[in-house]
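**Q** Here the sequence shown is numbered in my numbering, starting from 449 and rising by one per residue.
Note that these hints are calculated values from the structure, not bench results. Glycine included, C-beta positions come from ideal geometry on N, C-alpha and C. Fair warning: there could be bad hints in the mix.
What the hints assert, rightly or not - Now the in silico label distances, taken between C-beta atoms and shown as ranges:
id	residue 1	residue 2	range
1	R530	F577	35 to 45 Å
2	R530	E570	26 to 36 Å
3	A584	N605	19 to 29 Å
4	A466	G549	20 to 30 Å
5	A629	V510	13 to 23 Å
6	R607	N503	30 to 40 Å
7	L615	H483	19 to 29 Å
8	M547	E511	21 to 31 Å
9	A584	G606	19 to 29 Å
10	N503	V559	22 to 32 Å
Unchecked claim - Lysine to any residue pairs mimicking SDA-like chemistry, simulated, CA-CA at most 20 Å apart:
id	residue 1	residue 2
11	K586	W501
12	K502	A515
13	K580	G549
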Amino acid sequence: MTQRAAPISSVEFVCTLASGERWYVVRTLPQRELHAARQISNQGFRTFVPRYWKNRRHARKVETVSAPLFPRYIFIVVDRTRDRWRSINGTLGVDRLLMYGGEPQPVPHGVVENLIAAADLEGNMRFDFDLKEGQAVKVIAGPFAELVGQLERLDDNGRVRVLLEILGGKVRVALPQGLVAPAPEVA
449 MTQRAAPISS VEFVCTLASG ERWYVVRTLP QRELHAARQI SNQGFRTFVP RYWKNRRHAR
509 KVETVSAPLF PRYIFIVVDR TRDRWRSING TLGVDRLLMY GGEPQPVPHG VVENLIAAAD
569 LEGNMRFDFD LKEGQAVKVI AGPFAELVGQ LERLDDNGRV RVLLEILGGK VRVALPQGLV
629 APAPEVA
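Given these sequences and hints, build the entire structure.
**A** So, in structure tokens, the structure goes:
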């Protein structure tokens with residue numbers, strides 16, 4: 449079952465916390481992160497499900513899908529003095545709200561905010577590396593995953609052109625910048 453990459457809530461809406469609000473962690477049932485986030489959002493809570501692009505292989509097919517960065521965990525904004533947070537544990541798709549001493553355990557300040565800052569509007573993490581033309585790069589997802597090539601060009605639209613060696617020949621490929629990372633140095 450493929451989980452859609454539809455945004456649960458916009459990043460601008462999620463990032464601003466009012467006085468008394470904190471981020472908390474909800475553990476979900478296996479592969480139910482987006483469903484649980486949608487159900488929690490229907491109760492009036494704000495959620496954030498950080499995701500990343502990964503390759504999925506099945507039945508001789510390879511496809512790039514958006515997958516949860518932290519499988520079985522999502523983030524939720526709660527004001528414990530105002531919100532009826534106990535209802536979260538009875539929500540479809542939720543295993544439990546992480547607790548300590550009978551109270552929800554808040555996420556340290558800045559952790560979720562930094563994740564949101566590194567995500568696009570759909571919640572997919574952008575791994576913005578300091579890339580330079582001419583350096584060796586590795587494709588991290590997509591049909592050319594795991595191939596190493598030379599970065600030929602960066603553009604202002606978030607795309608890169610990479611020269612890959614495939615089957616003994618050189619091929620130029622245009623990719624989203626988020627799908628390439630600096631290649632590890634070979635000793």
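**Q** Evaluate each hint against the coordinates.
**A** Against the structure, the hints:
1. R530 / F577: 35 to 45 Å: With a Cβ separation near 41 Å, R530 and F577 satisfy 35 to 45 Å, so the hint holds.
2. R530 / E570: 26 to 36 Å: 29 Å, holds
3. A584 / N605: 19 to 29 Å: With Cβ atoms ~23 Å apart, the hint holds.
4. A466 / G549: 20 to 30 Å: 25 Å Cβ-Cβ, so the 20 to 30 Å window holds.
5. A629 / V510: 13 to 23 Å: 19 Å, holds
6. R607 / N503: 30 to 40 Å: 19 Å, violated
7. L615 / H483: 19 to 29 Å: 42 Å, violated
8. M547 / E511: 21 to 31 Å: Violated, since M547 and E511 (Cβ atoms, about 37 Å apart) do not stay within the stated range.
9. A584 / G606: 19 to 29 Å: Once the Cβ atoms are compared, 20 Å apart, the range 19 to 29 Å for G606 and A584 holds.
10. N503 / V559: 22 to 32 Å: Given range 22 to 32 Å: holds, Cβ gap about 27 Å.
11. K586 / W501: 15 Å, holds
12. K502 / A515: 7 Å, holds
13. K580 / G549: 50 Å, violated
Checked against the numbered hints given earlier, the structure breaks hints 6, 7, 8 and 13 and satisfies all the rest.
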